[in-house]
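These protein sequences, in sequence, are chains A and B. Using this note's numbering, the first residue of the first sequence is number 78, and each one after it goes up by one. Using this note's numbering, the first residue of the second sequence is number 2, and each one after it goes up by one.
Honestly, the hints are just simulated from the structure, not real lab data. Some clues are possibly wrong.
Stated by the list, open to error - Residues from chain A that keep clear of chain B, each with C-beta distances beyond 10 Å, as calculated:
id, residue
1, Leu95
2, Ser129
3, Ser153
4, Val159
5, Gly272
6, Lys306
7, Asn314
8, Val336
9, Ile349
What the hints assert, rightly or not - Straight-line distance between alpha carbons at most 30 Å, and here's what the computed BS3-like set of lysine-lysine pairs gives:
id, chain 1, residue 1, chain 2, residue 2
10, B, Lys94, A, Lys253
11, A, Lys204, B, Lys94
12, B, Lys33, B, Lys219
The C-beta atom is built at its ideal place from N, Cα and C for all residues, glycine as well.
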Amino acid sequence: MLKMDDIQKRLLEEVADLHDVPVGAYNLRANGKSVGRNSTDEIVITPKEDVSGIDIRIKDGTKNQSVHIPVVLSESGLRETVYNDFYIGEDCDVLIVAGCGIDNCGVQDSEHDGVHRFFVGKNSRMKYVEKHYGSGDGRGKRILNPVTEVYMEEGSSVEMEMVQIKGVDSTKRTTKAVLGENAHMAVRERLMTHGEQTAGSVYEVVLDGDGSSADVVSRGVARERSYQKLDLKIVGNAACSGHTECDSIIMDEGRILAVPSLEANNVEAALIHEAAIGKIAGDQLIKLMTLGLTEAEAEEQIINGFLK
Amino acid sequence: MLELRNVSFEANDEMGTTEILRDINLTIGDRKFVVITGPNGGGKSTMAKLIAGIKKPTSGSILYDGEDITELGITERAEKGIGFAFQQPVRFKGIQVIDLLRIASGEELSVAKACEYLSEVGLCARDYINREVNASLSGGELKRIEIATVMARKPRMSVFDEPEAGIDLWSFQNLISVFEKMRAEIRDSSIVIISHQERILSIADEIVVLDRGGTIAKQGDAKTIIPDIIGTEAAVDSCERLKY
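Excised from the complex, chain B in its bound form (with noise of 0.2 Å):
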């Protein structure tokens, strides 16, 4: 079980500071499939990269099962069994798909089993698994190779930074059948997305919408949410999101 109390993140830059999350309180509990949205803006990356530890808050205590781990860095994180999935995966010169996947999984991953990975990815493995993690890769390939590593680190927690953002309208529609299979396979493990999209909000235990103060505006699950905020920022069908 996650907490967020009090939590609150304050950006600074040339412009002086911004309040970018203010005085948060959320419970993310155990085999719960959470979907944050909100307006661009709302700060739903931040509060994904306080989770993973990328950002500390300003003020505030992060609790992961009643421990606090707010001054814990990004790697004591991973290895208390948070994952995270980067909005804009990172490219690697040199790093082979298969290097990332032994990376993350912490052993002499097999050939055939970083190959099972990717099919869960819905990537022919054959193809991919000796690819560099370079340029060479498109927007949904590289997406789909991010939320590879974060499967085979079998992560109790797993983030995933807008798994929309910055691939094509295709390549995302065949992505939902992997979170809908995430979904149903959710057994001892809690998966926190950050999304706009309307399919991946109708299939979670719960939504939070922040508003562009910062702040939780709403909270409950996808039957009570969605009528309210479908046709807003926070809530868009697949044409829609072309827009943004």
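So here's chain A without its partners, still in its complex pose (with noise of 0.2 Å):
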């Protein structure tokens, strides 16, 4: 069983759907402390000795399997920042599960930066999964910085989701990544925002490789008084193509500044973006409520559609 505290567990809950020790290899951080570590024969993690943090490490050809890395912070004014690394051999086929869940019932800040860097070997998939959240009623903020970095190697593919969907204050979310030949993304990312909370993510795609591709969508809801800044590009340097999404909704006071942007420094490389930004559309209210909804309910179930 795991020594946490009822308030972390809910937040485990959140932000991986465990309700204890997870099967396969893990790592489970409360506070500032690993509280819960595993390795397998296949996937060996370590602790880091100069910075705070772990190497994961995944052997050629592990098939799969998964690994979980939540984050849980009950302590107000706790601010930390940890540096994971995950190195995935070649012809692997992983799920790793991150995620951080804060709750602050303080006055001061907490805050959970992550750096997660991950050199995906060749013909190597990996689905990244990602959940950030944030619960309490304190004064203190609640505060998330992510910096993602990936480093693709020939022939492998990786599917991100990022979901940050409720209670977190301020976040800055920093994604880069550098593809190798014939290498695939796609990510997707949702963030929902609300009060007068601040997020901002910043995307960066370097197709480097002949034949790699990259799908790169954000759909994100600002409510109330929040503010959200997207700003995703992509650059293809070789004979690629890549597309990037920004889909917004906004509501009551809500704004939201979408920056798609492309960098083509190869005549072979084909590059699109798309954005919109726009409030919830009449006639999907009024479809709804003729089949019975109230409008706030129609507005839930549109939301909820949009980010899932």
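Bring the two chains, given one by one in their own frames, into a single complex with the hints.
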């Protein structure tokens, strides 16, 4: 059983859908300390010696295995930066579940900055799921500033699901990726901000290898007086294809700045960007109301679907 | 039973006030299949929206089973058993067909039951149940899903606003059989369809013809009315409608 209090267990459930220790390799971090760790024959987790964080080494040919590395913070005023490096061998197929939940009932700000680097070996597949969540009614802010770097070798493929739905007061998300020959990346980001929250998300995906491709899609909902800035960039340095899309709903006094951008440095690069911001369409509300929902229920259904 | 009593509707825009419907009196009885037709701009869709509560009349009143529902909103009318199918079905990012059917039925609809509704409108359920109701679906597919959501709601009064609009001829030929089946199986419900289509008109218990001035020009059973309006904008065969 985990040595965690009820708040920590609730956060763990929110960010990683975990009720107890997961199957396979994992590292659970609570209030700045590791509270559980498990390596397997194929996946070895070791603590770093110079800075706070861990190294995760996945052997060549590891298939259908998962690594869970959730973080929970329930102590007001705790600020930490953690460095986690993932070395994924060749011909692997793995699921990595990260995520951070902060509960802050105090007056001091709590902050977790996770710096994740992924080195994805030849022909390997990785799915990465990251959920961020905040709760607590203290005046102290809940701050998350994740930095994600992905280096992809020939023929590798990465799918990233990045979700921040509730309770994070301030976030600056920075994601960088460099893709080798025939490497493929798909990113699905979901952001919802409310109250006075601010969220910034910056992506720079560099397509270095011939035949590489990237599809980076960010969907955001800004409610109340919150603000989001989405800065999605794809750089094409080879015969490659890239697509980036910011799709946002604004409500109340919410504000969004979407800046999709493309840079082509090779005549064979085919890059597309799209951006759309708008309020919920009146017809969508009316349709769901003709099915018996109230206006507020219809609004929730539309947002839930949009962020699914 | 639905009654429209002295219902008028005016639209306001920068050009001023336009009268869309003028002093309409109409009763739609229980277990009736009623088709409302007439020229474009005659106020047919407005009448459908007035029944569903999407628009409010400028004057007059709407009664449903004797109760005045003029001031009730869309949700309240839906709860009273009035269903509405859009002329242009609405698209949603992220909402799947099964989600819409579940919302419509108001319960945790099983996949098997949801599939039945899709089969009713001629869609292979397995291919559609998890599709998003978004721009990847064709006009014909969206129309069928729209009709399936109204069926899943099991309304006592269904209003279909121009089911033939915006779809190709092939899809519409197939859709007609859906309405023919609805007509055959009508039990305790009533169906109102806004349509110009001769084949839809021919299965009506009653046809209401609006004129350009937003009043009822003619009203009666299909046998009496169709000969009068055939070949006009109010009743066209499948090929003719391609011109409109």
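Status of each hint after checking the structure:
| no. | hint | in the structure |
| --- | --- | --- |
| 1 | Leu95 | 25 Å, holds |
| 2 | Ser129 | 37 Å, holds |
| 3 | Ser153 | 35 Å, holds |
| 4 | Val159 | 32 Å, holds |
| 5 | Gly272 | 23 Å, holds |
| 6 | Lys306 | 21 Å, holds |
| 7 | Asn314 | 32 Å, holds |
| 8 | Val336 | 21 Å, holds |
| 9 | Ile349 | 16 Å, holds |
| 10 | B:Lys94 to A:Lys253 | 27 Å, holds |
| 11 | A:Lys204 to B:Lys94 | 23 Å, holds |
| 12 | B:Lys33 to B:Lys219 | 17 Å, holds |
The structure fails none of the hints (numbered hints given earlier).
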